[in-house]
Amino acid sequence: MENLLEVKNLKKYFPSPRGMVHAVDDVTFTIHAGETMGLVGESGCGKSTLGRTCIHLLESTGGQIIFDGKDVTTLSKQELIEYRNHVQIIFQDPYSSLNPRMTVRDTVMEPLRLAGKMKGAELEKEATRLMDLVGIEKRFYDSYPHELDGGRRQRVGVARAISLKPKFIVCDEPVSALDVSIQAQILNLLMDLQDEYKLTYMFVTHDLSVVRHISSNICVMYLGQMVETAPTLDLFDRPYHPYTKALLSAIPTVDIHHPHQRIVLKGEITSPINPKPGCRFAPRCPYATEQCSKPDLPLVEVEPNHFVACCRVKEINQL
Amino acid sequence: MADITKSETQFLSVRDLKVEYKLGKDTIYAVNKVSFDLQKGKTLGLVGETGAGKTTIAKAIMRILPSHSLKTLHGEVSLEGVNVLALPESQMRTLRGKRISMIFQDPMTALNPLKTVVDQIAESIRLHQHKSKADARIDAIKMLETVGISADRADVYPHQFSGGMKQRVVIAMALACDPDLLIADEPTTALDVTIQAQVLELVRKLQKETGTSMILITHDLGVVAETCDSVAVVYAGEVIEYGTKEDVFDHPTHPYTIGLFGALPDLKKNVKRLSPVKGLPPDPSEEYTDSCPFAARCPHVSERCHTSKPDSYEISDGHTVKCFLAKEMK
Amino acid sequence: MSETKKNLNENQPRRSKSEKPGSLPYIWNYIKHNKSAMAGLFFLVGLFIISFLTPYIFKYNYRQVDVFLQYLKPCAAHPFGCDEVGRDLLVRVLYGAKYTLSIGLIATAGGGLTGILLGAISGYFGGKVDSIIMRCLDVFQSFPTILLAIAISAALGPGYWKLILACGIAGIPGYARMMRANTLTIRSSEYIEAATSINCPTPKIILKHVIPNAISPMIVLLSMGVANAALVASSLSFLGFGVVPPTPEWGVLLSSGRSYILQYPHMVVFPGLFIMLTVLSFNLIGDALRDALDPKLRN
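Chains as they are written, first to last, in the working numbering: chain A, 1 to 319; chain B, 1 to 330; chain C, 1 to 299.
Wrong hints could be hidden among the right ones.
Coverage of chain A stretches by chain B, computed from C-beta distances (three or more under 8 Å per stretch; other residues unrestricted) [what the hints assert, rightly or not]:
id, stretch
1, 83–97
2, 172–181
3, 185–193
Read the hints as simulated data drawn from the structure, not as lab findings. Built from N, CA and C at the ideal position, the CB exists for glycine as well.
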């Protein structure tokens with residue numbers, strides 16, 4: 001399986017009145033073609049920023065992005081237009097990701113119309129095919145977003161994203177704003193489309209049960225840093241990083257006969273503005289020592305393809 | 001109608017609660033003849049999706065429904081024998097905050113941005129316990145410490161707190177007057193999962209210490225599993241399944257309940273495709289007087305589901321289900 | 001046998017455009033029921049039509065001078081009386097309506113369009129572009145509107161189109177500022193990000209995605225703006241700028257009658273009354289539009 005997206009030491013900083021916000025700091029990972037990489041973390045960890053930076057909706061501050069073998073870290077205007085034909089994004093909020101004044105059909109047709117490759121009847125036919133593919137009923141083709149429920153709006157977002165036949169789609173919390181029963185419908189749709197069109201997804205979410213269902217690999221982030229990355233089942237069976245362990249234990253389980261021991265983290269999340277060097281989870285970590293505030297977090301491979309950014313990982317897990 | 005007896009001895013007893021709103025020319029049938037009980041010191045989970053009517057039930061118990069659009073409020077809500085719905089507003093005001101308290105979903109908007117957190121808690125104490133300003137402040141600080149906020153952060157404004165801390169302040173406010181009944185409306189939905197863990201832990205601890213009974217409204221079955229003793233599944237303003245946690249989680253009977261569990265991505269199982277409940281939530285302006293509201297989405301639907309409305313059938317002690325299939329199981 | 005009614009969205013026939021909040025048919029539906037707004041609308045439309053039809057309705061021409069009818073008080077033959085050179089005031093007032101109305105509308109249209117574009121560009125790009133545009137507009141806004149209009153008018157000289165230009169320019173900062181605020185709100189919407197992600201060129205994003213969605217609050221501002229522009233135009237004409245006699249613009253009429261206000265009040269009362277009614281009508285319509293477009297009141 002070849003690498004579709006390689007990200008090396010990616011940084012994204014935002015200037016703010018109180019200092020530089022280190023939204024994404026030194027993140028490295030690889031996504032293979034046809035896979036789904038789950039990007040998980042809680043609010044403020046930088047996962048949405050990372051997703052947008054990879055597809056050039058935001059410009060990176062440092063590091064390297066390699067797509068399909070080509071370095072796309074900096075792109076000229078023409079190259080950017082070309083790049084966007086291969087990478088797309090599905091947004092979180094079905095209520096603000098559609099232009100309230102455009103019908104479903106208009107929204108779905110817009111990318112193709114802008115690309116200029118299709119016109120007139122051919123364009124209409126393709127739009128109809130796309131809307132059908134994502135499960136939008138015929139009577140809604142000319143509806144406006146406010147006439148649709150969240151699930152249908154999200155389907156429109158999906159249709160728009162796949163219209164240019166991209167290879168890679170960033171799904172930014174696509175089901176978080178939907179009710180549980182509708183979530184399942186959209187997740188199934190995304191997985192079906194992936195099978196049929198050999199798509200590669202970066203699935204950004206805070207919901208661990210959803211990500212377990214849909215991803216082949218998972219990358220856990222905390223405050224802009226990547227703390228652990230592993231194949232999905234490995235991560236859930238054997239989490240190594242203290243944050244991952246706490247995160248997994250925090251999920252309420254529906255199995256009432258086997259409640260698990262919950263690790264309750266102390267304190268609050270620290271600020272991403274001008275952070276101190278070293279591991280940002282240290283202030284809340286039950287295993288922290290002074291070693292943890294040294295810069296340059298080591299990335300330890302504890303198992304094949306299972307990486308952990310923790311200097312004490314071997315001791316903590318008795319390896 | 002199943003026999004939920006001993007309403008006089010239950011701590012909270014809701015019988016045939018009905019709430020209707022008017023929206024323009026239409027009527028919204030928000031709550032349709034809901035009945036359930038709550039024992040002292042226990043927690044009841046009200047589960048359902050958005051728009052099912054759970055918040056309306058809570059607001060009806062507190063009698064804080066918007067008066068300008070309220071059309072009908074029928075039924076009986078007995079709090080230790082007293083019908084709360086029949087009380088005059090003046091008496092209801094003494095009840096609210098003192099005996100029944102509510103935590104709302106969004107901590108961002110539940111707090112007054114212009115007052116410090118200690119002032120907001122002290123205000124509640126002064127109103128209900130008629131204490132002096134100084135005494136109320138001492139109590140308020142104690143309450144903040146109980147929820148894990150140190151005294152030196154008492155004179156802070158809400159916007160300076162994170163979401164989790166704001167929610168803790170809200171909990172402190174709700175429990176400041178030592179209420180008998182606490183209604184928590186999706187208290188952790190807006191919070192990150194690790195903060196949710198902290199907050200749920202806190203609520204459980206406080207509940208054990210004070211013996212407060214609680215109604216927890218949520219759409220998250222995991223939260224219900226961890227915190228509740230009994231569960232009422234709400235759909236289209238009706239309680240379609242009701243029982244202890246073990247009853248509902250181990251033996252879900254109503255097709256909607258089964259569907260809810262099937263739609264969940266499970267951390268332990270590897271399922272290729274999720275089995276969601278097909279279709280969309282029901283129209284609240286529709287009154288399902290002679291049909292089952294779930295019929296349009298039910299995988300086991302039959303002719304009679306469209307022509308008559310199922311009652312609540314008791315399939316085991318205390319476990320009731322509003323479905324014709326349950327009738328056969330009796 | 002009762003049929004289970006399907007869900008809200010499933011059974012609904014395709015909603016016609018009139019249901020879309022913010023669209024023209026929707027607004028019309030709403031305003032139809034507002035009595036004062038409809039009264040205002042009838043007044044304005046009626047006035048505008050009559051203004052063009054005066055030669056066919058009345059036997060007096062607006063320039064017809066008759067020395068014997070100087071300062072004539074209102075009577076049966078001349079319901080509004082006559083002015084200082086014996087011209088029939090009723091005809092002059094009605095004929096003059098077209099000036100006030102047209103100046104108000106055209107000045108607002110021009111100023112509004114410019115303001116909308118500037119505001120949208122300023123809000124969308126932010127940074128240096130925003131600073132430059134806003135600082136320039138600040139300079140304009142530091143003058144009271146009337147003074148600004150006077151200054152521009154004095155610089156340009158008298159004339160119908162120059163008056164329109166002055167009134168239009170004086171109105172630009174207000175529109176630009178509001179449009180900028182609306183744009184900033186929309187700027188952070190995800191559909192704008194989505195437009196970027198599908199390679200929508202920036203001018204198209206502004207024209208197709210930003211402006212149509214930011215324009216609702218502007219509609220109210222614009223309708224009030226017409227009233228304002230009409231008032232400014234009349235004021236300028238009253239002061240001797242802009243339109244000059246013998247053009248029967250209402251401000252000019254007021255100016256001519258100013259000296260005789262005690263002896264022959266009819267020369268001032270009638271033009272003044274019409275100015276007031278016109279401004280009132282625009283304001284009533286503007287109020288109704290605001291209510292029609294207010295999402296909170298809709299529920």
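Comparing the hints with the structure gives:
| no. | hint | in the structure |
| --- | --- | --- |
| 1 | 83–97 | violated (count 0) |
| 2 | 172–181 | holds (count 3) |
| 3 | 185–193 | holds (count 4) |
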